[in-house]
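Based on the provided sequences and hints, a complete structural model is requested.
Chains as they are written, first to last, in numbering that gives the first Met the number 0: chain U, 0 to 209; chain Y, 0 to 371; chain C, 0 to 101; chain P, 0 to 180.
Calculated from the structure, these hints are not laboratory results.
Any given hint might turn out to be false.
Said to hold, decoys possible - Using 20 angstroms as the maximum straight-line C-alpha spacing, the simulated DMTMM-like pairs for lysine to aspartate or glutamate come out as follows: (1) U:92 to C:94; (2) U:183 to Y:337; (3) P:150 to P:107; (4) P:103 to P:128; (5) Y:341 to P:107; (6) U:93 to C:94; (7) U:150 to Y:366; (8) P:37 to Y:249; (9) P:27 to Y:33; (10) Y:161 to Y:249; (11) U:159 to C:94; (12) U:147 to C:94; (13) Y:346 to P:15; (14) Y:92 to U:6; (15) P:36 to Y:33.
Claimed, not checked - Between beta-carbon pairs, the in silico distance windows are: (16) Y:49 to P:30: 22 to 30 angstroms; (17) Y:349 to P:39: 44 to 52 angstroms; (18) P:135 to Y:80: 31 to 39 angstroms; (19) U:157 to P:26: 37 to 45 angstroms; (20) Y:132 to U:93: 50 to 58 angstroms; (21) P:40 to Y:126: 48 to 56 angstroms; (22) Y:5 to U:48: 16 to 24 angstroms; (23) U:108 to Y:124: 53 to 61 angstroms; (24) U:108 to Y:349: 41 to 49 angstroms.
Note that beta-carbon positions come from the ideal geometry of N, C-alpha and C, so glycine has one too.
Chain by chain, the residues:
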Amino acid sequence: MNLSLVDFLFYVFSAISVGGGLAVILSRNPVTAAMFMILSLVGVASLFVLLEAFFLAVLQVLVYAGAVMVLFLFIIMLMDVGPDSGKGAKLSKKRILSGFIALLGVGLLTVLTLEYSGVATVATDSADHWQDVTEETSAAGANIVFSKSVKSFGYGLFTKYMLPLQVAGFLLLAAMVGVIVLSKKTDDVDAHNKADGPSPGTTNPQSEEA
Amino acid sequence: MDIELIQMLALKVTYAVVMVSVVMSIAGYTVLAERKVCAWMQGRVGPNRTVLPFVSAIPIIGPFLRNLGIFQPLADGLKFLFKEEIVPGHVNKFYYYLSPIVALVPALTTMTVLPFGEFTNAEGHTTPLVLANVDLGILFVFAISSLGVYGIVLAGWSSNSKYPFLGGIRSSAQMISYELAMGLSVLPVFLWVNAPGMTESGLSLVSIVNSQENAPWLVLIQPFSAFLFLIALFAETNRLPFDMPESETDLVGGFHTEYGSFKFGIFFVAEYAHVVIGSAIFTTLFLGGWHFLPWVADPWAPGLIGSLLGVGWFLAKTFCLIFFFIWVRWTLPRFRYDQVMKLGWAKLLPLALVNLIFYVILVTYLDQAAAS
Amino acid sequence: MDTIGVQDFLIVSVLLFSVGFLGVVLRRNLLLVLMSLELMLNAVNVALVAFSRHSANMDGSLFVFFIMTVAAAEVSVGLALLVALYKKRQSVFSEHLTMLKN
Amino acid sequence: MIKTVVMERKPLSLSERTYLPQIASGLKTTFSNLFKKKVTLQYPEQRPAIPRGYRGVPTLVKDPNGREKCVSCQLCEFVCPPKAIRITPGHVPEDDEERSHVEKAPEEFEINMLRCIYCGYCEEVCPEEAIFLQENYSLSGYSREEMINNKEELYELGGTLPDKHFKWDKKKADEESGNAH
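This is the structure in structure tokens:
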């Protein structure tokens with residue numbers, strides 16, 4: 000079998016992403032899980048590179064590995080979550096059974112969808128007919144042609160997907176407000192702190208100068 | 000795999016190895032520069048003892064080089080190599096060994112997209128000197144450099160000791176806080192360069208540099224963006240006003256308290272590699288890269304000599320910036336942790352947003368004015 | 000790409016999705032459940048980008064962009080909830096969340 | 000009655016609140032220091048000026064006639080705060096012409112330089128002015144044993160100190176003139 004470089008890389012990156020994912024759900028230590036998660040995410044980003052979606056690959060690393068997983072690690076360390084232990088550390092048979100039955104369902108659903116939507120036939124028919132990717136941003140009506148350039152992302156976002164973009168922005172705002180409200184100290188805690196004496200961060204004149 | 004592919008790969012690998020060694024040695028000499036400049040600022044002379052035997056025999060140059068401490072990085076490196084490896088008993092071994100590598104690799108990977116010069120051949124065809132001329136240059140830099148924090152966080156966590164742990168936690172929070180301001184502060188730059196009427200360039204660092212040829216440097220057009228970027232850069236490279244993860248006076252040594260010998264050396268070099276790469280990125284974005292002076296055409300002729308001079312000029316600018324990093328470190332005291340957070344979220348982020356909005360309006364106005 | 004087709008990317012996507020799904024079902028640590036959710040979202044991203052590239056249409060890639068946005072928001076809110084929960088109950092394990100049981 | 004005076008601090012002006020002028024002036028200060036004269040002493044080549052009364056390594060000295068001054072009275076051993084001095088007293092043989100009026104001399108005299116704190120009490124207390132703290136301050140050795148100075152080493156370090164009063168000579172002269180006590 001004559002493996003081309005791209006094929007070889009595809010297998011490597013797929014193995015990294017799926018293996019990393021498996022290790023995430025199998026590792027007992029949350030920090031190990033987080034590290035494997037990063038590995039898996041980088042694997043997915045590499046798959047994006049193979050698909051010539053460079054912008055998405057970089058975004059994947061920037062958003063997931065650079066921000067989301069740092070947040071995860073921060074929380075894991077902040078709460079000092081140890082490895083699973085004690086009662087229920089071992090998976091019960093019921094759980095595993097239910098998990099696999101559910102997985103079977105998902106697989107069945109996937110197969111049925113592929114079978115009846117015609118995607119599978121399209122995919123197999125044109126297995127080795129990847130179209131050439133342009134550098135230029137171009138659009139034919141509502142169809143924005145896939146290209147390597149970042150500009151086509153901007154073009155798509157600010158024309159066809161203007162409303163979803165706004166909604167996404169609003170979602171982020173809502174998430175931000177929600178997180179601030181969730182992580183804010185409740186009023187009675189504040190009052191308790193005040194009764195104890197001024198907390199150094201708020202009333203110290205030094206901190207105002209910073 | 001055919002021969003051509005292998006040849007191309009071999010060439011790329013050679014370039015990469017050359018670049019890694021150059022950046023590493025610059026990082027090593029940045030350590031020396033730090034020690035020397037710090038000493039001079041404190042009325043001392045700094046390292047001036049190390050010398051190679053045959054160099055010391057040369058009459059005037061030998062003692063001069065010795066007094067400059069040129070051979071000190073060699074001695075330091077050897078010392079790190081031959082020191083006894085001590086691994087504390089309470090650490091998580093795997094992550095303890097992993098984290099120095101995780102800290103160093105992103106610092107070195109960033110430079111793949113860093114353009115440091117250009118070569119114009121006889122036909123007038125210009126090629127930028129860069130390992131990979133990626134359209135997404137700056138995003139790539141941000142993405143990879145954001146991975147550098149894992150080294151620090153893992154080191155802090157795996158040391159299984161209080162102070163390193165605090166250092167790791169601080170570092171992760173600081174990174175998330177300042178990355179945002181950093182990204183927002185460079186957005187106006189790309190907005191300006193990609194504005195209608197300018198050459199379209201995407202997010203590539205090469206075209207940013209080329210847009211500053213025969214034109215004012217971007218630091219003159221957008222001083223405020225440059226200022227914000229510089230502050231965020233200080234925070235991202237953990238340099239002194241922001242060296243929360245280390246803060247040797249309140250956290251002993253921060254994340255690398257439990258590290259010794261070569262593993263500590265790797266952390267050390269990684270930190271300085273970050274400084275070198277950060278300075279180079281700033282030079283590329285705001286100081287015109289390898290181009291001579293604002294508004295002035297490059298005085299050197301195209302060709303090999305010209306491209307070498309260009310690279311030299313780029314390095315000179317980078318070294319000036321590295322000096323600035325060192326200078327600030329030995330001038331300013333460290334922020335308190337809450338001050339760092341406050342500065343990042345309450346000052347830098349809103350200012351970066353205001354800056355972005357200002358340039359959006361300005362670019363739109365200029366565009367309208369040009370159209371009418 | 001010589002022999003790799005869309006269906007290969009789809010297989011990877013399905014595998015990744017199943018792994019994430021199993022994680023959600025099997026793990027007790029809520030942090031890991033959240034991570035598994037991320038894995039599932041990633042699997043979807045792979046499929047979307049593969050289709051987008053195959054049909055030379057930007058829509059799929061743009062959708063990945065939105066998924067990433069949603070994922071970031073989801074994680075931040077989820078983690079904030081987890082921290083709040085941890086403050087209240089000193090545990091992040093799902094079997095300790097039995098407030099509705101009695 | 001203590002009166003508390005509350006000092007009102009002037010609110011910072013805008014330029015002061017950005018801290019940038021202050022940072023700039025700080026940078027200026029450090030930069031100007033770059034070119035100032037360095038105060039470093041290049042130690043092995045250049046030596047610091049030793050002030051008068053410097054307390055360096057304690058040594059034993061001989062009188063101008065090359066005779067041992069110490070009479071092993073053990074006062075220094077007694078007064079030494081870290082107990083660094085150890086003296087094994089010995090007799091001066093009767094037939095020693097040079098020192099015929101001295102009864103005792105140290106058989107062994109050791110100063111442990113790992114213990115010595117250079118306080119100078121031994122020099123102060125010595126009735127015979129036989130022990131002196133010299134200007135030498137750099138002692139080093141490869142082992143603990145090497146850092147214990149025995150009698151020979153102490154005399155080698157101390158040498159002969161010019162001395163105005165020739166105590167033993169006077170004593171001898173006194174005795175010869177029938178004025179002994």
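**Request:** Please name the hints from earlier in the document that this structure breaks, with their numbers sorted from lowest to highest.
**Result:** Result: hints 5, 8, 11, 12, 14 break, sorted rising.
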